[in-house]
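Visitor: Since the structure of chain A is provided, determine the placement of chain B on it from the hints.
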Amino acid sequence: MTMAVPLDLETYLDAASAIIDLPIAPDYRAEVLANLQRTAAIAAAVLEFPLADEEAEAASVFCPGETE
Amino acid sequence: MTVAPGTAFEIATAVRSGAASASEILDATKARIEAVDGVLKAFTDLTFERAEKKAREIDAAVAAGRDPGPLAGVPFAVKNLFDIEGLPTRAGSMINRDRAPATNDAVLIRRLSEAGAILVGGLNMGEYAYDFTGENAHDGICRNPRDINHMSGGSSSGSGAAVAAGMVSLALGSDTNGSIRVPSALCGIFGLKPTYGRLPRSGTFPFCDSLDHLGPLARSAQDLALSFDVMQGFDAQDAACARKPVLQTAKTLDAGANGLRIAIAGDYFTRGARPEVLDAVTKAASALSVTREVMIPEAARGRAAAFIITTSESSALHLDRLRTRASDFDPDTRYRFLSGALVPAAWYIKAQRFRRWYHNQVLALFKDVDIILAPATPCAAPKIGEKLLTLGEETVPLRPNLGLFTQPISCIGFPVVVAPIQREGALPLGVQIIAAPWREDLALRVAAELQRMGIATAPVASVV
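Each protein sequence line maps, in turn, to chains A and B.
Under the numbering used here, the first residue of the first sequence is numbered 1, with each subsequent residue one higher.
Under the numbering used here, the first residue of the second sequence is numbered 1001, with each subsequent residue one higher.
Rather than coming from a laboratory, the hints here were simulated on the basis of the structure.
All residues carry an ideal CB built from backbone N, CA and C; glycine is no exception.
Some hints here could point you the wrong way.
[Claimed, not checked] The calculated label-pair distances, taken between Cβ atoms and stated as ranges, are:
no.	chain 1	residue 1	chain 2	residue 2	range
1	A	E31	B	D1027	30 to 38 Å
2	A	D14	B	P1297	36 to 44 Å
3	B	D1027	A	P23	47 to 55 Å
4	A	E55	B	P1397	25 to 33 Å
5	A	D14	B	D1027	55 to 63 Å
6	A	D14	B	R1292	49 to 57 Å
[To be verified] Output of the computed footprint for chain B on chain A, the stretches with three or more beta carbons under 8 Å from beta carbons of chain B:
no.	stretch
7	16 to 30
8	38 to 51
[As the list claims (entries may be wrong)] Not everything, but these chain B residues come out facing chain A in the computed CB check (under 8 Å):
no.	residue
9	S1210
10	F1307
11	I1308
12	T1311
13	R1323
14	R1334
15	K1350
16	Q1352
17	R1353
18	L1398
Bound conformation, chain A alone (with noise of 0.2 Å):
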């Protein structure tokens, strides 16, 4: 099974805002932690789910040579 759910969210938490430069304010903090932590573990029922290199086709939609 693959485990890809970051042990230490908190670290990730504070690395990931830095990187994309989203600031989160310190009273906003400990309710998106726990969000985070939320997704991770609904995450983790799909990231633990096998799928197959020949199905990965991603099931978002993108149509060459139309704009309007």
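Guide: Using the frame of chain A, we list chain B on its own:
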């Protein structure tokens, strides 16, 4: 003749025949809004001036013997993430009020207007559509017309409340994870989330491009079909809009459930719901003589994938606003957007890949069935302000769990009609009628059948 608050079909029939004028209908609509919206807070903007002009045009067309359109004189309103010419598209936020006024109406408003419908205003919604409750820190709480102490549901809160209260017979909303279906269920009305890519989103403020759908809410299956039929058609400004021929759904409603293979969603869709919710599904299934059950595989993971895609895409969309104006966000969305901005790309990509796999599994199910029935929400409308939901022995956070049964379906873009089940002395519930991609006609036929049987009904709420 007074047909307001009638259904869109009743109003259009009366206006087209000359039995009522569009101006009379509009006057009655304005009176109804003025009477009940102070309490409900469904509307954030009123566009009566343009509505009066449009009503006069409709009446002139009828007088001159010209065809005023299939929705002649039908007042409608839109979730305020739709561009309305002359207004900033606020999308439930404070920040967007600084935007320049929209220079055009959204494509779907234009198409409804061309069909003779009359826009009367913009509707309240959860900030940037990240909401299932109907609570909004900037525009106030949108209340449920069937009991004003309860939530309308969100994020198309005003759309649900305005239709249920009879202020309009037709409203437009958006649904990314359940935002048409949740308020439809909690307010006890019909709602259609079409196939992903069916209706162009051009001229609307996005939430999560991979999952955003637009659709109608109404008090009859017929009104959903009539409005859906005139809103269809390719528009290249929405890159996800599919080149599909118009599916004429209103014409086929009378076929009902005849010949359709219908099943109930088992497993995931029977857990985590209050007993009355499953009773509502059973009631609809029994009326249709359905006993078969199917299992939608990996629905919980489908919901998880939708969550990751939503939080990641929407937060990236708002990144600059989060950097510079975090304090201006609604406290109930702010921490989720800030957190979502930090989601690693690998999580997001895996969620998109899983979505493709999951789509293929669910599509395969539809080789053997035409329609799957499932609950819309795990409970009836909670009281305003509630944060937790008790389900048997378990207590879970209310806000995300209102989308428990809607999220796994919108994740893969299958069309769904919510049929409302009213209950004596209790708030209504909704049943999801799920069809294969591009078969909105089948889901609408089943909803119409349930309505004919008196199982699904959406009377105008008296507003208490």
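Visitor: Quick check on the hint: B:Q1352 CB to chain A CB, less than 8 Å?
Guide: 4 Å, holds
Visitor: Given the range 55 to 63 Å, decide if the beta-carbon distance of A:D14 to B:D1027 lies inside it.
Guide: 59 Å, holds
Visitor: So, as I understand it, the hint says B:R1323 touches chain A; can you test that by seeing if any CB pair is closer than 8 Å?
Guide: Since chain A brings a Cβ to about 6 Å from B:R1323, closer than 8 Å, the hint holds.
Visitor: With 30 to 38 Å as the target window, see if A:E31 and B:D1027 comply at their CB atoms.
Guide: 47 Å Cβ-Cβ, so the 30 to 38 Å window is violated.
Visitor: Verify the interface restraint on B:R1353: the C-beta must sit less than 8 Å from at least one C-beta of chain A.
Guide: Because about 6 Å separates B:R1353 from the closest Cβ in chain A, which is inside the 8 Å limit, the hint holds.
Visitor: Under 8 Å between beta-carbons, do enough residues of the stretch 38 to 51 of chain A, three at least, approach chain B for the coverage claim to hold?
Guide: Holds, because 8 residues of the stretch 38 to 51 of chain A bring their Cβ atoms closer than 8 Å to Cβ atoms of chain B.
Visitor: Regarding A:D14 and B:R1292, is the given constraint of 49 to 57 Å on their beta-carbon distance met?
Guide: 53 Å, holds
Visitor: Quick one, is the B:F1307 hint okay against chain A at 8 Å, beta carbons?
Guide: 5 Å, holds
Visitor: Should the interface hint for B:S1210 be scored as holding, given a Cβ-Cβ cut-off of 8 Å against chain A?
Guide: 6 Å, holds
Visitor: Hey, does the B:I1308 contact hint survive, CB to chain A under 8 Å?
Guide: Holds - the Cβ of B:I1308 comes within 8 Å of chain A, reaching about 5 Å at its closest.
Visitor: With 47 to 55 Å as the target window, see if B:D1027 and A:P23 comply at their CB atoms.
Guide: 52 Å, holds
Visitor: Holds or violated: B:K1350 as interface residue toward chain A, Cβ cutoff 8 Å?
Guide: It holds, given that the least Cβ distance between B:K1350 and chain A is near 5 Å, below 8 Å.
Comparing the model with each numbered hint stated earlier shows that hints 1 and 18 do not hold.
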